[in-house]
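Visitor: If you want the building blocks of each chain, they are given just below.
Number of protein chains: 4
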Amino acid sequence: MTQENEPIRVGVLGARGRMGQEVCKTINRSDDLELVAMIDQGDWLFNASDAAAEVVVDFTTPDVVMDNLHWCIDQGISVVVGTSGFTPTRLDRVKSWLDKKPEVGVVIAPNFAIGAVLMMEFAERAAKYFESVEIIEQHHPAKVDAPSGTALRTAQIIGEARAAAGLGIVPDATKDEVSGARGATIDGIRVHSVRSMGLVAHQEVLFGTQGETLKLRHDSFDRSSFMPGVLLAIRAVVNRPGLTIGLGDLL
Amino acid sequence: MTQENEPIRVGVLGARGRMGQEVCKTINRSDDLELVAMIDQGDWLFNASDAAAEVVVDFTTPDVVMDNLHWCIDQGISVVVGTSGFTPTRLDRVKSWLDKKPEVGVVIAPNFAIGAVLMMEFAERAAKYFESVEIIEQHHPAKVDAPSGTALRTAQIIGEARAAAGLGIVPDATKDEVSGARGATIDGIRVHSVRSMGLVAHQEVLFGTQGETLKLRHDSFDRSSFMPGVLLAIRAVVNRPGLTIGLGDLL
Amino acid sequence: MTQENEPIRVGVLGARGRMGQEVCKTINRSDDLELVAMIDQGDWLFNASDAAAEVVVDFTTPDVVMDNLHWCIDQGISVVVGTSGFTPTRLDRVKSWLDKKPEVGVVIAPNFAIGAVLMMEFAERAAKYFESVEIIEQHHPAKVDAPSGTALRTAQIIGEARAAAGLGIVPDATKDEVSGARGATIDGIRVHSVRSMGLVAHQEVLFGTQGETLKLRHDSFDRSSFMPGVLLAIRAVVNRPGLTIGLGDLL
Amino acid sequence: MTQENEPIRVGVLGARGRMGQEVCKTINRSDDLELVAMIDQGDWLFNASDAAAEVVVDFTTPDVVMDNLHWCIDQGISVVVGTSGFTPTRLDRVKSWLDKKPEVGVVIAPNFAIGAVLMMEFAERAAKYFESVEIIEQHHPAKVDAPSGTALRTAQIIGEARAAAGLGIVPDATKDEVSGARGATIDGIRVHSVRSMGLVAHQEVLFGTQGETLKLRHDSFDRSSFMPGVLLAIRAVVNRPGLTIGLGDLL
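Protein chains in written order, with full-length UniProt numbering: chain A, 1 to 251; chain B, 1 to 251; chain C, 1 to 251; chain D, 1 to 251.
In case anyone wonders, no lab produced these hints; they're calculated from the structure. One should not assume that every hint holds.
No distinction is drawn between identical chains; accordingly, a pair holds when it is met within one copy or between any pair of copies.
To be verified - Each computed DSS-like pair below joins lysine-lysine, with the alpha-carbon atoms no more than 27 angstroms apart: (1) 128 - 25; (2) 128 - 215; (3) 215 - 143; (4) 175 - 143.
Using the sequences and the hints given, assemble the complete structure.
Guide: See below:
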């Protein structure tokens, strides 16, 4: 837990990546935060503990993020994670590490844009009122995973809300389908991943019932849109032990 | 207040209009409701009291709705109102009538579609997180009023939420404007009314902040979309004395 | 070929279906057309020839449409076809039948809405300027085929235009995909089929290049939107021997 | 007229502005172009003629662009203009200057993005098929003019196409309007200007007829989207004497 009036000491993992650079700049502009370590491939994680980082922000890759998390939690450093690829199995492992370090906080968020967080909140709220729902996410063609982490998380949230409301499966008479046309099925929800030059990061949740539809659409036009959410998470995680999924509870 | 297991006795004002006909059909299909009076231009309002209507549904026009409401409240009949044109002055008059009949309930809703109700709820929730917000409503070209009642109500809700959050005016550097280009200003919010053949009833609320936008869009494709909300309001109003604006609190 | 000033004699196959009924009503309202035969399951095709139909409109099903076409062409009756399911193989068979009856005309259109026809024309025109393109079609959940016939035809048109312009494959770095997320691949173009209550018939073609996107979107809200195109095809086919695919050339 | 294989000598006016800087970088990366003069406020226009510029690109402001154009035409230098504010009166003056210098070319374009150029071409083509049409343009809130130059040009194109097709006024029953709700009227077409943080430069043209709508939407996410069009215009203008409005004819 940080002292009053002292800036929070922050390290950044993946500091030379596109998101990492933006995070470093944003921390430097914030009076209540101090950037104490910039770490990337080939650097020692110990740089973070040597610099007495209280929080580490991780924008790395799915293949190294679990090792990073394990090491930080062991060191008693809280973590804000923007890296994707968190399956239920991975989340369970993080929880087991945190059980042994009850004072450490970890925030793992699929999306740090305030609009995306609200989109997920609204999708959860709307789910029980509509028989039909599908997710269409749209990203630049350099993205390697489909669907996006945000879409996966949204589908999971909607699936849980439908189950809690006793809604059955989404109506669909399709019997003659060219393979893939109807998208991926995530927790019972159809998800479509569009990739195109010109796009950045976009998602639409389409709800439908008799005679009407409701669309929730979020558009991220540049990485600056994620910075307010990253700051919010850094400031919250130092006083929030345990695992937090998404920024919804921090708003 | 209605007895258990007895159907609610309902009268419809404007019963020969497009919405009124749909309401009558919907009531006839509902086991817990009984259609006891169908009243339109040239018919006596007393038909509703003679038939012992407990609730009257009013889809008439702005020039007669106030007389209808006054009469119903005097008779002790609760009312569900879908007619548009309710200014703050009109609402104050309805409240003053209800003060003398504390057991009577009135629900006045700008829109009975569940998606529209949620759109307004979400707009209120999102308002404080975005510096920018505008409303674009789109309707068929036979509509006589612009903006729509739903857009006016949404603007009012957003304006109040911004004021409560201490947000200032929406940023806008426009200094060279062809008259009307920037829309109407309702409670500080710009509202644009699009009219086109092929359209039915649509509204988009656009929120924006640094690097991102969030859109809430509702599309009504036919009048059937309003019926679940009308039923909800009829069933609620018999046990809900006083004035209720919008369906938000009934969900 | 029809005589001047005499109405064109039209028969309708699938006359009791939803589209068929609308077509019959539309023909009845047109002074230059005469509805001479309404035929559906269980009726004799000979009713059309007995009534001296010059044109037959076919809105039936993929399993009977080929027999209908063969019979009409044999009888020397021109045909306007709105039934879906026309593969290249089927089109070749229709051509071979027409070779023996050079005076007969057949128009097969995946979509009779003017907006859909223009959407396809514009998609063909835009294709060579954008590295990326995907199709998202959205329909009511009672639809049995995915993608829609219009989407298949649009993909084919775009694929051909890209090939003619020497464009390579659409850029896509996806390597970690939940099966189906990236849609169906039709002639090299990704197609996504969304199904939801509240929807009618909608399609969006998304083009993208560096820093910009262009979207062409068509929305059909009811079957009346197809009638002007059906009339156009009926009037054209009597003077247009051979096979015509789509309404594009008739505009 | 430029010699074969020699790079075209280009000067840039407004070279220190946001668009100007991007144009300079783009010219520097192009083998067939040579950047010979970068001119901004306080610099001499003669720098362009001293450097033997064959083409000048002008991204300045409406208050200086006419003087720039007059000077360039007098000097026999062709011009590509991206500055906005060209009224019919201004265009007539440019034409009168060109009459005296028949070998000089001027291209004035409201938008250099290929998607915007196609949007305008398609809008012109579609106009005669739809009774209803409206334009909704959306930009960042730092924009000073409303509607945008692109929207004004699109409205003009559509207005002319409707007149040529004998279409009357757009249907609109509005009689109770909050001032501005129905937008600005440009050549008979309603134009709505939305301003919001998070937006860059976007425009939608909505066409409607019975039961259907067709939407053409262009989104520019960053200034890089304009560069291919600027290059196209530079290369074309050296061999294209006289005044050319828009890039449509250069595609």
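Visitor: Which constraints among the numbered hints does this structure fail? Numbers only, ascending.
Guide: Of the numbered hints given earlier, the structure breaks none, since each of them holds.
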